[in-house]
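2 protein chains.
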Amino acid sequence: MTNFHLQSVPLEKAYRLITHGPTVLVSAQDQQDTDVMAAAWACALEFSPAKVTVVLDKSTKTRNIIENSGYFALQIPTLKQLNMVYYLGTQSLYDVPEKMAQSGVELFHFPDADIPVVQGCAAWILCELIPEPHNQQMHDLFIGKVIAAYSDDRVFRDGHWHYHEVDEEWKSIHHVAGGHFYTIGNAVSIDAPES
Amino acid sequence: MTNFHLQSVPLEKAYRLITHGPTVLVSAQDQQDTDVMAAAWACALEFSPAKVTVVLDKSTKTRNIIENSGYFALQIPTLKQLNMVYYLGTQSLYDVPEKMAQSGVELFHFPDADIPVVQGCAAWILCELIPEPHNQQMHDLFIGKVIAAYSDDRVFRDGHWHYHEVDEEWKSIHHVAGGHFYTIGNAVSIDAPES
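Residue numbers (the UniProt record's numbering), protein chains in the order written: chain A, 1 to 195; chain B, 1 to 195.
There may be inaccurate statements among the hints.
Since the list gives no way to pick one copy over another, a pair counts as held whenever it fits inside one copy or between any two copies.
[Said to hold, decoys possible] Straight-line distance between alpha carbons at most 30 Å, and here's what the computed DSBU-like set of lysine-lysine pairs gives:
| # | residue 1 | residue 2 |
| --- | --- | --- |
| 1 | K145 | K99 |
| 2 | K145 | K58 |
| 3 | K99 | K13 |
| 4 | K13 | K80 |
It should be emphasised that the hints constitute simulated quantities derived from the structure, not laboratory data.
Turn these sequences into a full structure, and let the hints guide you.
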């Protein structure tokens, strides 16, 4: 880990990393395989203990790996990574064994964590799967308990995103359909005390 | 309904209304009460039959009304509605009986639907609750089957958002924390066929 901009995010503020609704990358590894996929349907579920949901289709190898390993990471990619995100979200490791190499994704690990994570993202949320067979089978819905969270302090620090102060290439991307996305836009605030 | 810009959205494209992760308004009515709240944790769950999830805290009257009535609407507010959204999201009908009047919200109904919806939004997703006691009690997680969807064709038409062609006041808002939000930003596309 040679990026000196990485900083830990308190678990009780981890929800702020995805409450604005970005498309995320989901990464995981088991004893055989490592995979990363894109997911537009990820969401915070609880403040404390911090939890998240993510919808993982049965056609994805990442889902199978998470079922085997019990761990996954959600990470917030940036506009600079758009082509890689699209590739990771449209190619399956089941069909393309060389997917990881073809995508150009570079992985690393945070200290004391076996979950592979993606270089160059804006934030990372490490999760332990809370097994819920009904939700997983019936709804493709996976629930994770957040066990650690990190951000790149150039774009998220002091508990807040600073998207409005950085170059466009740092912006989060928000999927619509097919190859169509929006970046996050301008900061707007209510003149009221912070809750 | 005097807004001639309202158009029906095919159910199989309803997911596109929230896949970009906006903060939504949740509306519902039972035989006693009508309430509208804001929710940042809403997400698409399935393409077809279209389904959505939304996290509804036990402290909200809206949740109680949905449990009674079995129906709710998610709607995508615009930047123009920011102050109203914040008020609806921070005041509870349990504490403020005059919340609806104070908020300035104006409600209407789509044809053949008993669910009250909010004037001036960019899109509306009418849902029938799929009762899941475990998810509701354990996770505050509510699942809705989409029974109808509509948009204002000035900002969503032909299956796509046109945020990049409209005034800033039409933009979706994306909550971070407290009174802090981002608007949606610029359209970016991959040069690939649409899936």
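Going through the hints against the structure:
Taking the shortest Cα distances, K145 and K99 sit within 30 Å of each other inside one copy (28 Å), while across copies they are farther apart (34 Å). Taking CA atoms no more than 30 Å apart as the test, K145 paired with K58 passes in both settings, with 21 Å inside one copy and 20 Å between copies. Proximity of K99 and K13 under a CA criterion of 30 Å is satisfied inter-copy only: 29 Å between copies versus 33 Å inside one chain copy. For a Cα distance limit of 30 Å, the shortest separation of K13 from K80 qualifies both inside one copy, at 25 Å, and across copies, at 28 Å.
Comparing the model with each earlier hint shows no violations; every hint is respected.
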